[in-house]
Amino acid sequence: MGWTGKVLRVNLTNGTVQSEPLNMDWAQQYLGQRGLATKYLVEEIDAQCDPLGPDNKLIFATGPLTGTCASTGGRYSVITKGPLTNAIACSNSGGYFGAELKFAGWDMVILEGKSPKPVYLCVTDDKAELLDASDIWGTSVWKTDEWIKAKHQDPMMHVATIGISGENGVLYSAIVNDLHRAAGRSGVGAVMGSKNLKAFAVRGTKGVKVRDGRAFMKATNDGKQVLAENAVTGSGLPTYGTQVLMNAINEAGASPTRNSREVQFEGAHDISAEAMATPRSTDGEKNLQTNQACFACTIACGRISKIDEKHFTVVNKPEYWHSSGGLEYEAAWALGNNTGVNDLEALTYAQFICNEQGLDPISLGATISAAMELFELGLITTEQTGGIDLKFGNAEALVKCTELTGKAEGFGKELGLGSARLCAKYGRPDLSMSVKGQEFPAYDARGIQGMGLTYATSNRGACHLRSYTVASEMLGIPEKTDPLVTEGKAGLVKAFQDATAAVDSAGICVFTTFAWTLEDIAPQVDAAVEGGWTPDKMLEVGERIWNMERMFNHRAGFTGKDDMLPPRLMKEAAQTGPAKGLVSGLDKMLPEYYQLRGWTADGVPTTETLSRLAV
Amino acid sequence: MKYVILGAGPAGVTAAETLRNVDPTATITMIGGEPEPPYSRMALPYLIYGKVGEDGTYLRQDPKHYDDQRIRYIQGRAGGIDSRAKKLSLSTGEVLDYDKLLIATGANPIMPPIPGSNLEGVETCWTLEDARQILKYADKDSPVVLVGAGFIGSIILEALYLRGCKITVVELAPRMVARMMDETAGGMLGRWCESKGVKVLTNTRVDSLAKGEEGQPRLQVGFSNGESAPADLVVLAVGVRSNTGFLVGSGVKTNTGIVVDNYLQTTAPDIYAAGDCCEGIDISTGKPDMLAIQPVAVEHGRIAALNMAGHKHHHRGSLNMNVLDTMGLISSSFGLWQGAQVGETAKLVDEDNFKYMKLEFEGDKLVGAQCVGMTDHVGMLRGLIQTGFSLGEWKDKLLVSPERLREAYLAVAHAHPTTGPMAPHINTPRVGNHAGASGH
Amino acid sequence: MLKALVIDAGKCTACKQCEMACSLENEGEFNVAKSRIRVFDFHTEARFVPYTCTQCAEAWCQQACPVNAITTDGMGVKVVHDNLCVGCKVCTIACPFGTVNYNASTGKVIKCDLCGGEPACSDACPTGAITYQDVEQGGFDKMKVWATQSANATTTEGPNTPKAGQASGTGH
Ligand SMILES: Cc1cc2nc3c(=O)[nH]c(=O)nc-3n(C[C@H](O)[C@H](O)[C@H](O)COP(=O)(O)OP(=O)(O)OC[C@H]3O[C@@H](n4cnc5c(N)ncnc54)[C@H](O)[C@@H]3O)c2cc1C
Ligand code: SF4
Ligand code: SF4
Ligand code: SF4
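Those protein sequences? They're chains A, B and C, same order as listed. Sequential numbering from 1 applies to the first sequence in this note's numbering. Sequential numbering from 1 applies to the second sequence in this note's numbering. Sequential numbering from 1 applies to the third sequence in this note's numbering.
For reference, chain A alone in the conformation it holds in the complex:
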């Protein structure tokens, strides 16, 4: 019923697999996916452990709505201790893999230890096996996907895998499923690689049932109706994808540009959603070929793009001439605005490589841009880069760096450390645009103040998906707040964080929250599983999850001092646009936030808070 009630435990060291019942008390407290898997992780691993060592665990988890017809009900998350941050890592992905895992009868798969040799996990309903991966070790995501389907003679399998980057410990390697959907952030792919686990293939033929079918159909149909009627989810996202934001955010003066030296990118229009949908002057085709939905998604924001066959990136490389997962906003920004490159085809190619080799384009783009700044400062030279002229705006340099990082070769090995380690190595840690070691995405904390607090307090390092206050500050969802002020943002961030934690634990996509509130989601969850799921209960679960994650980080050695933005955002004011003259007001928001959270002035949850939430 919603939950399958079964957890698969895989010990890679011994090569054993074992089924165990889901802890139903925890399910009531943490719902599923992000919350529930994090609960398992914090109970089972030492927060101080080496994220790339055998003591770390890697959990693939679905939510109660995964594998149902609830719109976007196909998500899964990968939960582990992240090697980029040393903090809790939780990366969420769409595509079809999550639903398939649920159909195979598993709420969660816990991978522990380290395999003595490369293996992949193959799950077909109840049957789980660790199989030899020596033939695919050293190959890309795309090759691995193809090889596994051929090996098992089953094109209906769904595969989540790492590319060469993950095998080689690139610290922001992603786990990519269905060729171009990714559990992208925090280096979950590197953890998988460190365990000698190349891939996870799944085929499921068992059904998912819900608690109350009639109520479920009513609630999910109502939900779909809300999504269809909403301007963002009903037309903006399907038509333009998340790239709908490119011009808007740039105009708002909140688009970090050239490693956040600036807040507006003159080339934004060239790489925007509109540009993707305009026929190219070269071959008359559009970059954007169609939109694709993830499992059960009635929004369909996914971009399927095709690169101009004559473009320098792919000329004579027919293996890239087909359509595949294209740019969404964060990637376009990271690879584009942030590096000063306005060549749409080059960015699309870099995105393809990120898919093909399993890289997080946000951290990749931000690390390259930091390296570009170091290069322009003369701290990195062509000696280190292997001859690459790493100047801002150089599309060829961007492409080359992406390829090298994907394969963890040459200068790509250094880039694979992420910006924090790279900048520290070259003596300018302040040039890393990251929090807790993870690069922040496409919103400037000076132009959208709430996002500064979001980045600073995000439990997995800088991230927009932990509390997307952009919705409120830019789009007026659920109500409009002024992006340039700090007042009220602490409460806004907390509310978004708690609600998002609940949404991430349900098996659905956070983009639904452009249209849905917990009032729309709770009835769907409630009809799927036992437990009387009201919006309030979900919010409480969200807050519980947030504090649990915080406590894990606390035990891992993080303190309030780590809730800090790069000095550039705190000291160098925006020079153009609406935020001209502003720096981030984090120092004003943070104390209020701690207080609202029921944490000490140092940012530690008080015992009262923890006991109130039963963490």
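There could be a bad hint or two in this list.
[Unchecked claim] Pairs of lysine-lysine residues, derived as DSBU-like cross-links and limited to a Cα-Cα distance of at most 35 Å, are as follows: (1) B:Lys140 to C:Lys108; (2) B:Lys397 to A:Lys317; (3) B:Lys253 to B:Lys87.
FYI, nobody ran anything at the bench for these hints, they're computed from the structure. Note that this is a predicted model, so its numbers are computed, not measured.
Fit chains B and C with the ligands to the given chain A structure using the hints.
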């Protein structure tokens, strides 16, 4: 018009119904050679393991069906045919005049020349009566020797297995289903059977059948390898032969089966033939052959009937195809599964997981296929082979990744505009359509 | 008036809501592996194709069935009767479209039966890629055209179609 149909298997029944369909006023008589309502031999295995009762094997369930269709159904054996006088005489003494006659007498099992094959407990598995006999002797845990591991033998094997018998299967050929699949597939099936506790003896002949000792099972079976085994039941399934003996002197020419032209007419005027008793065209070779499968019998029956009724209908040929469930391992083969004379092969073998897929191409067309462990959308293989679609670039893809055959099928069968990619398009959700499924 | 599912692959986003609606309607659970409709993903060509039985006039599946377990109803829909199906799978190899599938958990076959006239899949499709329309109306469809192409081995009439006179145009 007076139509007489000799034989009441799938070919005969289909022909009778088709005739009624296209000629509402004709007189139609259908003769069955067994004292049963028209039934399907194919369903006998399911009767043997109890999935259906006898009525579950009937070709049509409604007992009034033939009356409703004004098809006169009688029982009797053919005595002789006078093709000049257009008369058919039956063993019952009845003589029937016909304007057009269809012979649809099917095939008979071949009796191997083994001493003792007339003993009690030695059975073929071809008729409903045979099945009744088998049910008598095959109890749970009874030792059973099955002679022949061809396609039909293997189907019987599963039925006996599901009935709970202890089975030894003896096959003269070096592998199981030798006329349906290659060494790899046959080997897999053999290993699978062994893993289910069935004893498989290939390259082995049954040399003798004798009465068992007192207190021992009914029979003692001697093998060419010198061993012997006790058995409560021996089932013979070594092949079939067209049932044409009664045609001697009728002017209907026979080869291994009745010789027919492209309209399923025999060499005698106004006499047609359909099903297992005749040699229709095999679409893969363009040559006459006796395929002995149910879908072909039905196809023949319908086409012959149309031609008999004057709707001239050319028979292009039938595709040889089989699907087999061997204790849960499902295999299938189509067309030229042995490969074209000049052609290419795509193949995937996974011995550990009992999975196999092999595609045979001639030029850029699929001409044959075999699969083990694959059922989803398997009919697409027939579609691709029988239509002879040019696979174009998909052939090269399939040579590398045969498992993508379903995609290939859709891509070529629903050929989208072939020049240039589809115009980019965006799909947005519809408002107001979520009245939706009712829920359960 | 005969009605049919009309599929416009150009509108499909591959969300698989149809597969879920179908499995819920027919199996009482969400289980795309048992859906009668399946969406094929040609993302390298930016194309997604929902695919199911067209209720083809030839009814290859029905013709091949040894025990009459598939029949054509008054609306031209080919329906599997579970009580009669012995699970021999001959229909699965006989349907040249590959739209009858074996369901190992029941030992019988499954195919689209248009949900008795209220197709759950088309209801659930968020983009209008699957609609339920009068057969005569526009463009039904490439699949039908193809069905006729592939029919050149036999006629367009099934063996169990009892009504006299219907087949007068067959053959040739
Ligand atoms: C156990 C078993 C399993 C099978 N499994 C499959 C399978 O899975 N798939 C498949 O495609 N095929 C299968 N077959 C083969 C299939 O059953 C035959 O191909 C099919 O029955 C042929 O139909 P028919 O109408 O030509 O002949 P039959 O079904 O043999 O019918 C012949 C009819 O003619 C009558 N008859 C015979 N001689 C005379 C005579 N002298 N006078 C009067 N009447 C006579 C008989 O009584 C009968 O009514 C199987 C067969 C058997 C025995
Ligand atoms: S399942 Fe196949 S043969 Fe049967 S009606 Fe549908 S398309 Fe025709
Ligand atoms: S599987 Fe069932 S429906 Fe299909 S041919 Fe066999 S008995 Fe008929
Ligand atoms: S009409 Fe009904 S049975 Fe047919 S594919 Fe759609 S949902 Fe499935």
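Results of checking the hints against the structure:
no.	hint	result
1	B:Lys140 to C:Lys108	holds (24 Å)
2	B:Lys397 to A:Lys317	holds (17 Å)
3	B:Lys253 to B:Lys87	holds (17 Å)
This entry satisfies every hint, going by the numbered hints stated previously.
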